[in-house]
Structure formats: C-alpha cells, structure tokens
Amino acid sequence: MTAGRIPSIEGGIQPTLLTTKGDLISATAASTVARLPVGSDTQILVADSTASTGLKWDTASATLLSTTTVSGTSTTVSSISGAYNHLRIYLTDITANGTTTIMYKVNGITSGYYGFYGAAATLTAGTTNAVIGAMGTAGKGNYQFEVPNYAVATNMRPLRFFGANDQTGDQAWGQYANVGSSAAITSFTLTTTAGTATLTGTIKIYGVTA
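So in my numbering, the last one in the sequence shown is 215, and the numbering has no gaps at all.
Hints listed in this document are in silico derivations from the structure and should not be mistaken for laboratory results. Any given hint could turn out to be false.
Quick list of simulated restraints, FRET-style, between CB atoms [to be verified]:
1) T115 to D28: 45 to 55 Å
2) D28 to A143: 53 to 63 Å
3) A143 to Y181: 27 to 37 Å
4) Y211 to S54: 17 to 27 Å
5) S79 to T55: 24 to 34 Å
Taking lysine-lysine pairs in the BS3-like style, the calculated list, with each CA pair at most 25 Å apart, reads [said to hold, decoys possible]:
6) K26 to K61
7) K110 to K145
8) K145 to K209
9) K110 to K209
Don't be surprised by glycine CBs; every beta carbon is placed ideally from N, CA and C.
Let's have the full structure, built from the sequences with the hints guiding it.
And the structure:
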C-alpha cells in the first residue's frame, strides 16, 4: 500500500480525488462522490439543484432594480421583481420641508402588525405605517433596509433597518423589525404623517443574488 493512500475498500474515497487546495468532496447522486473545485477569492458556496453536485460557487452581487424620486407625502415603488434572494432598499438624501415623522409600509399594508426591536423604538402593534423617525427642515436622512428571502411566502416578514439622520441631532441607529404578512414583498412606500410636510430624495432598490 502506498503511503498516504486509503485502501479502496467498499468504495473508499481516495485522496487523489482532490487536486487543488480548497477542493471539496460532494455528490452527484446517492453513493456517488465527486470533486467540487475550489471557487475564486470572495466567492460563496450556495445550493443549486441544477448543478451536478447540487452546489456551486457564486459571487455575491446586487442588481439595481429601480431608482425612484421621492416627492409629496407618499412615494411608492411597485412591481418589485421577485427573481432575487434578498432585497436591499436605500433611502438617500431624504429631506422634509417641515417637521414631520417619516414612515414606511410594504405591500400597501396599513393595518395589522408592524413590530420593531432596537434602540430607536419599542415593540409596536396595530400601526398603520412603520415609523422610521422624526424629520426637521435642516440636513438630510439616509436609511437602508435589508429584507432576506423577500420573495418567499412566510408567516412573518423580517426586516433589518439602519438609519443616519442629521436633522434630529446627528442620530444613527439600527433595529430589527417584522411585518405581519405572509406574502412576498412586491412594493415599498415611503410616507409622512398625514397632511404635513412633503419629502424629497431618492429610493434605490437592489436585488441581491447571494
């Protein structure tokens, strides 16, 4: 027996199957092993039923789905593509022409349940919109939402929210939230307290593949 080799007993896997640093052992079928070559730097391993081994190396990337100019007291981005794994929403240079509270909603939901966990808010139920924060007439607010598995039906929709707002004392915060909806997210609305100040800025929505 050659040193460093495993005897080929009952289909034992031979070390020579792996030829390159970082290679993995996978399977193309039941009891059928195969080499999965190492991916490129910064790539991540994801499940893919169409790949021969059920796995593939993929590059985490984001595709800009839409850019929408914010105006008035309510701006909605609808028909969001469901072809991606995760959703990333950027609210940039949001300004108000008067003191107001800015809020958001998904899928037009204005009743039921929006919940918050974090430094900026407490758990809240039964609100008509989810509160982002107070706005004044000086400076700008910039915000980011991360929505995992946004196109998959689930009993509770998780969100992660980050914000920086120099209109209310250089505030910055992050919080976890959820929406009581099992439907895939197809629209996002930025709104203000009814009948008060209007907003300007930009909404950019990205689809993330991995």
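Consistency of the hints with the structure:
no.: 1; hint: T115 to D28: 45 to 55 Å; in the structure: 53 Å, holds
no.: 2; hint: D28 to A143: 53 to 63 Å; in the structure: 57 Å, holds
no.: 3; hint: A143 to Y181: 27 to 37 Å; in the structure: 29 Å, holds
no.: 4; hint: Y211 to S54: 17 to 27 Å; in the structure: 25 Å, holds
no.: 5; hint: S79 to T55: 24 to 34 Å; in the structure: 41 Å, violated
no.: 6; hint: K26 to K61; in the structure: 17 Å, holds
no.: 7; hint: K110 to K145; in the structure: 21 Å, holds
no.: 8; hint: K145 to K209; in the structure: 16 Å, holds
no.: 9; hint: K110 to K209; in the structure: 15 Å, holds
Checked against the numbered hints above, the structure violates only hint 5.
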